[in-house]
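J.: Now for the letters of each chain:
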Amino acid sequence: MEIRQEHLLLFSLVNFVLLIIAIVVAVINSRKYGKIKEVDKEKDEFISMAAHELRAPLTAIKGYLSMIVEGDAGEVSPKARGFLADASAVNERLVRLVNNMLNVSRIEQGRLVFQMDKLHLARAARSAFDAFRAEAERKDLEILLEIPEKISDVVFVDPDKIDEVIANLVSNAVKFTNEGFVKIKLLNLQEGGIRLEVIDSGPGISAEEQKKLFRKFYRVESTSGKTIGTGLGLYICKLLIEKFSGKIGLISNDDKGSTFWFELPISKSDREIS
Amino acid sequence: MGDQDPQTKLPQEEPMAVQEPASDAPTVLFIEDDPLLLKMYETKFKSEGLRVLAAQDGEEGLRLATNERIDLIILDLMMPKLSGLDMLERLRSQAHGKSHVVIVLTNLTKEDEIKRAMDLGVKEYLVKADLTPNEVAAKVKAYLGK
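Protein sequence lines correspond, in order, to chains A and B.
The letter at position 162 of the first sequence is residue 162 when you use this note's numbering, and the numbering goes up by one with no holes.
The letter at position 24 of the second sequence is residue 24 when you use this note's numbering, and the numbering goes up by one with no holes.
The shape of chain B in the complex, shown without the other chains (with noise of 0.2 angstroms):
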């Protein structure tokens, strides 16, 4: 387990025809490792008007959360490389890292991370498994003020 399947790829085509949000609009920051939720939540997101910048690992998140215009960051836990709480951590420990506003949108529910999660100012802790697209694009939208 843990592998990726191959088939699971992100596929490069858009089935749905989604119009691309403008550029000055709310910026999410997607840091999720399974591309097929990624997908959907992007594609969900771009739906609402949003503008999704999306990583598939601890690493490449903490690249984007440093260099670019964030306004929201949603990040999973267990990713390759690099924890999300890991990266958390670093991205705390940055000047500018200490205001991005962060939901944990996971499917691990141990009672030891979402201490550790809130600990590092994590404005919600959501359950994948719990929520539809639409009700986590709800949560967004309400802390971006929209």
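So that you can see chain A by itself, here it is in the shape it has in the complex (with noise of 0.2 angstroms):
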């Protein structure tokens, strides 16, 4: 009887070093992660500060190459002409790559307010085309759309951000690829969506980079060795196709180019063709 009591005093003192361990563990923990949360809010609002004051000296650079360019200053020589639309594309890839940094931890928190419409995905590609065009040629590549004569394509969708996922995917095909050609292509899916392909003939993709790839922060190293960007474009891409409903991913072998590719439901009242 008496060891029996011994054996339950022992097991209870124990159990009673096993539950303080475990709160002080639980408490370190915490502390931790209360830490690790409070750094990842100094970041995100650093970041939104620094994007934001970036965005004035880029406002005003664009405004100023649009009033030479637009003769504000005088007649402009086709060289310069040429120059300026140089300057402006690097200009516009500032903006968009600031925004992103904006929108990063907006999208995340659910503070970003969408603007839900319904937006003709083929509208949205050809908008996406002749944007890049002249800078796709002035890397002498060559750049194809590809939209079926009939294609059922309305989805609803914010169309500024699905503007902006169809930019960061043509915009990264033209920035990786140095010969060859970047295609845009749609096509209806049999389930009843629409997905958007952007193919480049570049340098590829290796299995291990896919998996990381739509993660935050990850960025692609190049042939040169060189890692360019923030690392936050196909996170956010990810982000917006997800919030609408889509999926998004990529298609590569290592030295056969790439695709990346969105699916989205097409919107249900427009399923018939249009």
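Hints were generated in silico from the structure; no laboratory data involved.
One or more of the hints may lead you astray.
Said to hold, decoys possible - Below 16 angstroms or equal to it, Euclidean Cα-Cα: the simulated EDC-like pairs (lysine to aspartate or glutamate) are:
1) Lys-110(B) to Glu-108(A)
2) Lys-46(B) to Asp-72(A)
3) Lys-141(B) to Asp-71(B)
4) Lys-110(B) to Glu-263(A)
5) Lys-110(B) to Asp-44(A)
6) Lys-238(A) to Glu-263(A)
7) Lys-110(B) to Glu-53(A)
8) Lys-247(A) to Glu-191(A)
9) Lys-39(B) to Asp-72(A)
Said to hold, decoys possible - One side only, chain A facing chain B, incomplete, derived with CB under 10 angstroms:
10) His-52
11) Leu-54
12) Ala-56
13) Gly-63
14) Glu-70
15) Asp-72
16) Val-95
17) Asn-99
18) Arg-111
19) Ser-267
We put the beta carbon where it would ideally sit given N, CA and C, even for glycine.
Combine both chains into one complex, guided by the hints.
T.: Here is the structure:
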């Protein structure tokens, strides 16, 4: 009997010690987690402020370039016009980068308000094609647009955000492809959706990198060993497409180019071929 | 950040020969604290035949809006002394300040700020980085019926 009581006492004591250890571990973890959250918040605030401060000089550069191109400062020679177009394209890339920095935390925290509306995806694809044609041609890349004659393409999305997604995908394709082509392609899916593909003849992406590509801050190493961008573009594309009930992904083999795609459901009242 | 770089102070000389618009031309009050941007929009607006009054902070903007004949106000939000929306709130509380046509032109795109601006009767909420001066001028002229 006495032995049993001693055992019981020992058992209780061990339990008590284990409980204390568990509490201490929990407190340490929660402190660590709290600190991480705090650092994360500070980082988001810093990104947001830096992006905002960057927008003012970018606005001035964009504004003055456009005024020169539009002839506000007199005649512009064709050669100068070419240089200005290059400067504008680079500046637009910076604007996109800064917009990505501003958008990411807002989407994550559900603070971005979406202006949902019907959108003809074929029209959006065409305007992305027009917007990137000059930049592709300057790199001697062929840029192609493939839209079937009959396509059901009305989706219910925030049109500006889908424009951003397409621009991000096409801009990446042009950026990483040094020779060959970039193609934007639309097709209907059997189950009533639509798929947009951006196909390039670039260097391709290894299976290892493909797994990490849509993660926040992940950046692909280019063939020259340099990494480019903030590592936010594709992550934002994924957040946005999933927000609109779609899917996004890529098909790529080393040395055989890449196909980035997203699929969206067709707006219900527009299922018939329009 | 936010400190004014001395190099970006508003230059006194006018680099481009822009003809001064007639004194009875439609008048736009531009309230913008960044001297570089202010100069850029001012040049563009003048070349479009608009008279421009400029203020570099909310207090000065409120003073001009109260005392001058103004057809349209272009308002930045992040400004020293009095923020754009605080300035607008004060203007709206004045008897004659309710009817001013106001367009917000900012690089701040916070949802709560957009909502507050709309509640204060702002006609449009424009993001500077998305538009060229020409596009801004076109929007302004549409409101002025030009």
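J.: Could you run down the list of hints and mark each one as holding or not?
T.: Against the structure, the hints:
1. Lys-110(B) to Glu-108(A): 15 angstroms, holds
2. Lys-46(B) to Asp-72(A): 11 angstroms, holds
3. Lys-141(B) to Asp-71(B): 11 angstroms, holds
4. Lys-110(B) to Glu-263(A): Outside the cut-off at roughly 30 angstroms; violated.
5. Lys-110(B) to Asp-44(A): 14 angstroms, holds
6. Lys-238(A) to Glu-263(A): 11 angstroms, holds
7. Lys-110(B) to Glu-53(A): 14 angstroms, holds
8. Lys-247(A) to Glu-191(A): 14 angstroms, holds
9. Lys-39(B) to Asp-72(A): Roughly 14 angstroms between the alpha carbons, so the hint for Lys-39(B) and Asp-72(A) holds.
10. His-52: 6 angstroms, holds
11. Leu-54: 9 angstroms, holds
12. Ala-56: Holds: closest Cβ of chain B sits about 5 angstroms from Ala-56(A), inside 10 angstroms.
13. Gly-63: Status holds, d = 5 angstroms.
14. Glu-70: Where the cut-off is 10 angstroms and the nearest Cβ of chain B is about 6 angstroms from Glu-70(A), the hint holds.
15. Asp-72: 6 angstroms, holds
16. Val-95: It holds, given that the least Cβ distance between Val-95(A) and chain B is near 5 angstroms, below 10 angstroms.
17. Asn-99: Holds, about 8 angstroms.
18. Arg-111: 6 angstroms, holds
19. Ser-267: Check failed: Cβ of Ser-267(A) comes no nearer than 25 angstroms to chain B, outside 10 angstroms.
Checked against the numbered hints given earlier, this structure breaks hints 4 and 19; the rest are met.
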